[in-house]
Amino acid sequence: MAHNIPFPPRQPSASTHLPLTLISLEDWALVTLNGPDTVKYLQGQVTADIDALSADQHVLCAHCDAKGKMWSNLRLFHRGEGFAYLERRSVLDSQLAEIKKYAVFSKVTIAADNDVVLLGVAGFQARAALTGLFATLPDAEHPVVQDGETTILHFAAPAERFLLVTRPAVAEQLIGKLHDQAELNDSSQWLALEIEAGYPVIDAANSAQLIPQATNLQALEGISFSKGCYTGQEMVARAKFRGANKRALYWLEGKAARAPQAAEDLELQLGENWRRTGHRTGVESVGRRHAVGTGGDEQRSGCRQQAAGAR
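Residue numbers (UniProt numbering): 1 to 311.
None of these hints come from the bench; they were simulated from the model. Small disclaimer: the values here were computed from a predicted structure and weren't measured. Misleading hints may appear alongside valid ones.
Now the in silico label distances, taken between C-beta atoms and shown as ranges [said to hold, decoys possible]:
no., residue 1, residue 2, range
1, Ala140, Gly271, 44 to 50 Å
2, Trp274, Gly176, 17 to 23 Å
3, Gly176, Lys107, 37 to 43 Å
4, Ala14, Lys101, 26 to 32 Å
5, Ala66, Pro168, 36 to 42 Å
6, Thr131, Ala66, 43 to 49 Å
7, Pro8, Ala66, 41 to 47 Å
8, Asp113, Asp180, 25 to 31 Å
9, Gly271, Asp139, 47 to 53 Å
10, Ala140, Ala66, 35 to 41 Å
11, Ser94, Gly44, 18 to 24 Å
12, Ala219, Gly176, 38 to 44 Å
13, Ala219, Ser94, 38 to 44 Å
14, Ala66, Ala259, 31 to 37 Å
Backbone N, C-alpha and C fix where the C-beta goes; we use that ideal spot for every residue, glycine too.
Let the hints inform the model, and build the full structure from the sequences given.
Here it is as structure tokens:
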């Protein structure tokens with residue numbers, strides 16, 4: 001029996017109430033990088049230290065413009081003979097064009113891989129559901145495992161979950177084996193878990209708007225301040241060493257007549273006036289509430305506690 005991807009949407013759940021769920025990640029895209037100059041080229045493009053990224057690790061880093069603003073954040077890891085990264089599909093075309101700009105001068109091939117299937121496995125006993133289907137599963141210490149043509153990524157937050165990069169035939173077999181015991185959901189469930197985990201989400205609406213530190217990327221060990229030069233490095237370093245950054249990523253949870261959209265402004269009511277205090281990055285509805293990642297001013301970080309006064 002063939003299973004259509006993306007899966008039919010369900011209302012996303014918080015990790016504490018999530019049953020075993022198989023998630024189609026249609027809102028994410030995979031880009032691969034191969035060739036003898038791949039490491040050197042990536043080292044000059046992203047915020048993470050590629051030389052230090054071992055084959056059993058993945059890292060959330062950023063690809064910036066010359067002003068240090070993020071084209072996108074990337075979940076980067078080894079795949080096959082080269083590297084791959086995951087990003088939101090809405091930024092794929094623009095970000096891919098930017099990172100390929102100087103590739104003509106290096107022995108590196110960078111391309112979107114539209115033939116892979118991206119699946120998430122999360123919720124109750126996610127590890128037990130995958131045990132026996134693959135020779136080895138990743139864990140917190142070794143969060144990347146290669147199994148034939150399948151790359152499996154492990155995430156510890158907000159609860160143990162897995163992301164599989166695989167081929168259609170393998171995906172079909174996996175769906176068939178888990179279909180009777182797992183719920184199916186679309187990528188909105190994965191987005192809700194990313195927000196709950198505190199991971200920034202860069203979509204087209206907020207691309208080239210924020211420096212990495214404004215999304216807490218340094219706290220996620222996604223920025224190396226010792227690796228040397230890369231595009232935007234001067235501005236990213238200035239934000240750290242000169243205290244130029246006054247923004248950070250916060251959770252905001254509340255009820256509203258409609259779900260706010262990414263990149264919309266967040267305002268706090270001060271008496272009879274409203275004051276802009278940040279803007280939304282990722283947004284997802286969980287139950288009857290909206291979970292929002294907001295890029296707000298550190299000096300006004302009370303936005304989470306004062307959410308009732310926000311609009």
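Structure-based check of each hint:
1. Ala140 - Gly271: 44 to 50 Å: 47 Å, holds
2. Trp274 - Gly176: 17 to 23 Å: About 53 Å separates the Cβ atoms of Trp274 and Gly176, which means 17 to 23 Å is violated.
3. Gly176 - Lys107: 37 to 43 Å: 41 Å, holds
4. Ala14 - Lys101: 26 to 32 Å: 40 Å, violated
5. Ala66 - Pro168: 36 to 42 Å: 39 Å, holds
6. Thr131 - Ala66: 43 to 49 Å: The hint (43 to 49 Å, Cβ to Cβ) holds, given that Thr131 and Ala66 are roughly 47 Å apart.
7. Pro8 - Ala66: 41 to 47 Å: Because 43 Å falls inside the window, the suggested range holds.
8. Asp113 - Asp180: 25 to 31 Å: Given about 30 Å between the Cβ atoms, the range holds.
9. Gly271 - Asp139: 47 to 53 Å: Check passed, 51 Å falls within 47 to 53 Å.
10. Ala140 - Ala66: 35 to 41 Å: 36 Å, holds
11. Ser94 - Gly44: 18 to 24 Å: 19 Å, holds
12. Ala219 - Gly176: 38 to 44 Å: At 40 Å between Cβs, range holds.
13. Ala219 - Ser94: 38 to 44 Å: Violated: the Cβ-Cβ distance is about 26 Å, outside 38 to 44 Å.
14. Ala66 - Ala259: 31 to 37 Å: 34 Å, holds
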